[in-house]
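Read top to bottom, the protein sequences are chains A and B.
For the first sequence, position 260 matches number 260 in our numbering, and the numbering has no gaps at all.
For the second sequence, position 245 matches number 245 in our numbering, and the numbering has no gaps at all.
Take these hints with a grain of salt, some might be off.
Going by beta-carbon spacing under 10 Å, a handful of chain A positions derived as facing chain B [as the list claims (entries may be wrong)]:
#: 1; residue: 181
#: 2; residue: 319
#: 3; residue: 321
#: 4; residue: 376
#: 5; residue: 390
#: 6; residue: 442
#: 7; residue: 443
#: 8; residue: 449
#: 9; residue: 458
#: 10; residue: 459
#: 11; residue: 498
#: 12; residue: 505
#: 13; residue: 507
#: 14; residue: 520
#: 15; residue: 533
#: 16; residue: 539
Read the hints as simulated data drawn from the structure, not as lab findings.
The beta-carbon is built from N, C-alpha and C at its ideal position, and this holds for glycine as well.
Number of protein chains: 2
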Amino acid sequence: MKNQSLTEQLKGSTLFPSSRKIYVEGSRPDIRVPMREISLSPFTDKQGVNHPNEPIYVYDTSGVYTDPSYTINIKEGLPKLRQQWIAERADVEERSNLSSEYGQIRQADTKLDAIRYPNVNTRPLRAKADKVPTQYFYAKQGLITPEMEYVAIRENQNLGRMNEGRATKIESYITPEFVRQEIAAGRAMIPCNINHPECEPMIIGSKFRVKINANIGNSALSSGIQEEIDKAVWAMIWGSDTVMDLSTGDNIHETREWIIRNSPVPIGTVPLYQALEKVNGKVEDLTWEIYRDTLIEQAEQGVDYFTIHAGLLRDHVELTNKRMTGIVSRGGAIMAKWSMIHDQENFLYTHFDEICEILAAYDVAVSLGDGLRPGSVYDANDEAQFAELRVLGELTHKARAAHVQVLIEGPGHVPVHKIKENVELQQEVCDNAPFYVLGPLTTDIAPGYDHITSAIGGAIIGAHGVAMLCYVTQKEHLGLPNREDVKQAVITYKLAAHAADLAKGFPGAQLHDDAMSKARFEFRWEDQFALALDPQTAIQFHDETLPNDENKKT
Amino acid sequence: MKNQSLTEQLKGSTLFPSSRKIYVEGSRPDIRVPMREISLSPFTDKQGVNHPNEPIYVYDTSGVYTDPSYTINIKEGLPKLRQQWIAERADVEERSNLSSEYGQIRQADTKLDAIRYPNVNTRPLRAKADKVPTQYFYAKQGLITPEMEYVAIRENQNLGRMNEGRATKIESYITPEFVRQEIAAGRAMIPCNINHPECEPMIIGSKFRVKINANIGNSALSSGIQEEIDKAVWAMIWGSDTVMDLSTGDNIHETREWIIRNSPVPIGTVPLYQALEKVNGKVEDLTWEIYRDTLIEQAEQGVDYFTIHAGLLRDHVELTNKRMTGIVSRGGAIMAKWSMIHDQENFLYTHFDEICEILAAYDVAVSLGDGLRPGSVYDANDEAQFAELRVLGELTHKARAAHVQVLIEGPGHVPVHKIKENVELQQEVCDNAPFYVLGPLTTDIAPGYDHITSAIGGAIIGAHGVAMLCYVTQKEHLGLPNREDVKQAVITYKLAAHAADLAKGFPGAQLHDDAMSKARFEFRWEDQFALALDPQTAIQFHDETLPNDENKKT
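Let's have the full structure, built from the sequences with the hints guiding it.
So, in structure tokens, the structure goes:
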């Protein structure tokens, strides 16, 4: 097992019993939206009559990793399902070479051949002159893209089919045109770099299913590329909607290439981390030029969204003096230090227009980082945090003017009674741009259980309209998560996001709960396991005290 | 280890590092309120100057089990700290024998000597004629009892001492007189049977710290008495404020005696379960007489509160026909079946005045059970549930008229957006009697993780004013919890209850979070572990990736 990769292990596995991968076709044959169909057994009444139970369809983020008809080969990467859609729009062109200096240097370095992805695309796509290949621009033009249709089908999760067996039909407001409208209004976004054609489109917005993100990343303490891919795939299999690669160690350029080529979910990064590596960790040596080259390097690899801490202004730093825990965001701390050392305004703020120009050329979304997010419930909703949030509002409008898709990042650590204020202020100052928060942790006294302290905050803030939750693992504040920690955190966040979907009344979300409840009432144990977010754990817990097979039947 | 009892194991253990048990004395020397003092190390600044950090005091439910000066002997039971207080009020008298027929039969049965608690008190206390020894009655008379003073000190957790080091003092509204007022108004209660003098008083009410309950109980699948005591003590050590003994197997009378004599926290039961055992599980054979005898039997042993499903009326049963999951409360199902078989009104309802008379004579509190609590989010807040709740309101007034302390039980399974309505309706129809809920689970799709699906609901409902949360373990719906499951659930509920305390702005609650945050900011690792709800897990997680001792210092 140790020497076997996850993708090897997954072959023939039964992590999800009674499940089958299906694809729902859209208006054209190359729109094929994956879902997981869970078959249910009939209920046998006292007279011995069988009453069938219709299958349930659940959202599936695992890509072809769970498609038995597909043979995974990480050296070839995943199918490029968006390639044709991107080409058809005729607004992008191949570059003759990688545009970033760093990308070129790494590509030319033969010492890296041994760890390099075998088929690096050295002719990345970029917008043609005067063209804007972003979903936001298309939406504003009135164009419904295949990506928009794809996410509309995906959000509805075969509701039409599930409605067939129901006396009272569930109405869904989600249509491709609705998706377009939400994106055009800046209330939703589809992170999908034109250089990440492998990405299965997903939408982030308050009117849609609450999404979750898992952070991965190598570091001095962890090991190789296969392990990083495995971590990312592991998170997707359990339900992570996006993955952020926060690597800080060696060879992060090469590792990222492997991850993107093998990722069916959008990949986010914090380019500042890599820029800092390039100046050997010396904050004072950071320059706009190095950062700019990093943006282009990563955009041409296919990163779908960048966290950019452009809202932390020099004047904000002194507002943190009253804090219990200062600046806990790594990106925020870096930019605050840089501003202080150089006595200059944050270069991400002063160069924001140029940043947007780059992002628009690849349809990389900007995730406006909250460098001043509170690091304790004590600091929640303070002047520093909200001063930065107001600048994020200003930057939202700038990014929109440049046709860039926008996400807004939020805290962090917030006690229950202060959660709503965060959402309300964000919606106001950022004109309802989708909100993406970390947790938030609702108390600080339970290290080792911060997946739970934060899932409480996540469910509440999701119910208030936050569009995506960044997970927190049980190792938060203590150490680095291992594979089991990642799984625990993803499942915990899936259930929190789903609790928020129920609270929002998301069309059809409760069908999954209802199927479980009916299986419970009818003592259909195998169906309860199949319907569980984590079937194997449910089976294991059941078998610990009631191992008898009889206990799984009626 | 296997053959060693928990109480043996606890000797000299360091589950809680840097901690010391202290007692805060009240207005008389026999009011000694236990707390846990956590010592913190100084912060050493860059100039090498030490800045001391004041200790923190936390609520301590572990009784003398964590007092190194006390030698535990389960055959002798715990110190009877309330004995003198009860005697001084001169409103109770010793009976010449056990009053219940069943109690007498068990006591006379020499075959039970081997498993019997050695010093059963066969001269239990009971109210003198025309006297009412309940805390509710005392409060209405204007009397501040030692129990009331005790809980006032306990809720404040040495805030005066912690204020000494603070520039801005934290005000607390909690005084013995405030406690009396809340109890007199029926908004709070102190479960403390006159036959459980070992009980360390605690208060349940919306203006006080949110409490948690752990369910234990033997069954055909578990084993002996020592194991049951160990389970109860284990739950208290991690922070359970009360324990409900839901045993259904053999010798539950004898097991209960051992548990009560060794329990510093209030013990609750569902007498109906034992009554049903007495008729060999045949619901149709249940009678008021058997039930009544069971109430007296348990009241004289010292049970502090009884769950009584008196609000489920015969007419309510048909309201459950529309449900997804019918009646999931065991007590509810029993009484519904009894009503149907006999075509009679629930005898707990028809005999409620007599029940109250018995409870008042021992100061057993009534916890009005919600036999129609929803078993799925589908059934939440339905007609059946709220019809029963309205009857619980009627019974609240009856119990109050009889001077009985009252708790109201609530669900169960409730999606996030339907939680508030539960609290508002309960407060209205039950005139703000303290509300005690199970979870609630906010989604049904995560068996194996229901401690989390329900802790989300618990934190939210606690913030809305629910006074006590009954824990749900990760084995819920799947099997019986083992010791580790109990610990996980207690810690999870402690953090949820604490998140609710923060949201309520409970005086001083945030000092614990603040101490943790400051320790984090100052990289005082040992202090972070000591301040954690579960220090050993935090240490273990830390050491997995950063085992070096250096990483625990600055």
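Taking 10 Å as the limit, does the beta-carbon of residue 442(A) come near enough to a beta-carbon in chain B?
-> 4 Å, holds
Does residue 505(A) meet its interface restraint, that is, does its C-beta lie within less than 10 Å of any C-beta in chain B?
-> This hint holds: residue 505(A) lies near chain B, its Cβ roughly 7 Å from the closest one there, short of 10 Å.
Regarding the hint that residue 321(A) lies at the interface with chain B, is the smallest CB-CB distance below 10 Å?
-> Violated, about 13 Å.
Using 10 Å as the Cβ threshold, decide whether residue 443(A) counts as touching chain B.
-> 5 Å, holds
With a cut-off of 10 Å, does the beta carbon of residue 458(A) approach a beta carbon of chain B closely enough for the hint to hold?
-> Since chain B brings a Cβ to about 9 Å from residue 458(A), closer than 10 Å, the hint holds.
May I ask you to test the interface hint for residue 498(A) with respect to chain B, counting a Cβ-Cβ separation under 10 Å as satisfied?
-> 5 Å, holds
Evaluation of the interface hint that places residue 539(A) against chain B, nearest CB under 10 Å | 9 Å, holds
Double-check residue 520(A) for me: the hint is only fine if its C-beta lies closer than 10 Å to a C-beta in chain B.
-> Interface hint status for residue 520(A): holds (7 Å vs cutoff 10 Å).
Report holds or violated for the interface hint on residue 390(A), using the least CB-CB distance to chain B and a cut-off of 10 Å.
-> 25 Å, violated
Satisfaction of the residue 449(A) interface hint, Cβ to chain B closer than 10 Å = 6 Å, holds
Per the CB criterion, is residue 376(A) less than 10 Å away from chain B?
-> 3 Å, holds
Given hint residue 533(A) near chain B, where the shortest CB pair must fall under 10 Å | With a minimum Cβ separation of about 5 Å from chain B (threshold 10 Å), the hint on residue 533(A) holds.
Of the numbered hints given earlier, the model fails hints 1, 2, 3, 5, 13; all others are met.
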